[in-house]
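Novice: This is what each chain is made of:
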Amino acid sequence: QKEVEQDPGPLSVPEGAIVSLNCTYSNSAFQYFMWYRQYSRKGPELLMYTYSSGNKEDGRFTAQVDKSSKYISLFIRDSQPSDSATYLCAMGTNFGNEKLTFGTGTRLTIIP
Amino acid sequence: EAGVAQSPRYKIIEKRQSVAFWCNPISGHATLYWYQQILGQGPKLLIQFQNNGVVDDSQLPKDRFSAERLKGVDSTLKIQPAKLEDSAVYLCASSFTSSETQYFGPGTRLLVL
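Sequence lines, in order, name chains A and B.
All residue numbers in the first sequence are consecutive under this note's numbering, ending with 115.
All residue numbers in the second sequence are consecutive under this note's numbering, ending with 120.
With the rest of the complex left out, here is chain A:
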């Protein structure tokens, strides 16, 4: 069993829709959680991070963590064509020594 599971998609939604991206994990030692966005032929860029259960909002993006269920989500409101990318979840166990374990990524396409 992989430590981090992520549906690879691809996921296609119309512009303006709400997008939900999810990851599950098996290692209860994971304490902080990140979402990266990766455009084609580019390196990943950090979108959001959190280290507590609950919701964290940043503009059109909301990150949700449920440590009891070992489940994290990223919601994108009012999706735009520029949101089309691969979204990677990443997790770490030891704040201060940031070794990250990534999911496989979900490829998202927003249709104008």
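One or more of the hints may lead you astray.
As the list claims (entries may be wrong) - The following label-pair restraints were derived from C-beta to C-beta distances: (1) GLU75/B to SER15/A: 21 to 31 angstroms; (2) ARG80/A to LYS78/B: 39 to 49 angstroms; (3) TYR74/A to SER34/B: 37 to 47 angstroms; (4) LYS69/B to LYS70/A: 34 to 44 angstroms; (5) TYR42/A to GLY79/B: 22 to 32 angstroms; (6) ASN25/A to ILE45/B: 34 to 44 angstroms; (7) THR108/B to ARG80/A: 17 to 27 angstroms.
Hints were generated in silico from the structure; no laboratory data involved.
Ideal placement from N, C-alpha and C gives every residue a C-beta, glycine not left out.
Let chain A serve as the given structure and place chain B on it in line with the hints.
Specialist: Then chain B, alone, in the frame of chain A:
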């Protein structure tokens, strides 16, 4: 602020050949990471440097991969000899410290034939 620079951007080699990748991190960033991203997978950490010292190389295939960061700035990752399964994107990332955000370069896309 300039980002993480990597070269070359693309490389095609035959199996059993050797190849080297170069990374120049963001100025002042003490921590440098090399990741391997196979098509359809997330990045996998190969090696982490703190200045010029190795912090973690537990997932580096040391029989064929080597990396160095001699002066604590630029880094090179070498594969010798390359195998077909080494075909991947090699990403370099850097952070101010090991607990800060990692910034990724554009990657070097390697194809081994």
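Novice: State for each hint whether it applies.
Specialist: Hint check results:
1. For the hinted restraint 21 to 31 angstroms between GLU75/B and SER15/A, the CB-CB distance of approximately 44 angstroms leaves it violated.
2. Taking the beta carbon of each, ARG80/A and LYS78/B are about 46 angstroms apart, inside 39 to 49 angstroms as hinted.
3. Here the CB-CB span from TYR74/A to SER34/B is close to 39 angstroms, well matched to the stated 37 to 47 angstroms.
4. Evaluation of the 34 to 44 angstroms hint for LYS69/B and LYS70/A yields a pass: the beta carbon distance comes to about 35 angstroms.
5. Between TYR42/A and GLY79/B the beta carbons are some 30 angstroms apart, a value that agrees with the proposed interval 22 to 32 angstroms.
6. Evaluation of the 34 to 44 angstroms hint for ASN25/A and ILE45/B yields a failure: the beta carbon distance comes to about 22 angstroms.
7. Between THR108/B and ARG80/A the CB atoms are about 24 angstroms apart, so this pair conforms to the stated range of 17 to 27 angstroms.
Hints 1, 6 from the list above are not met by this structure, while the remaining hints are.
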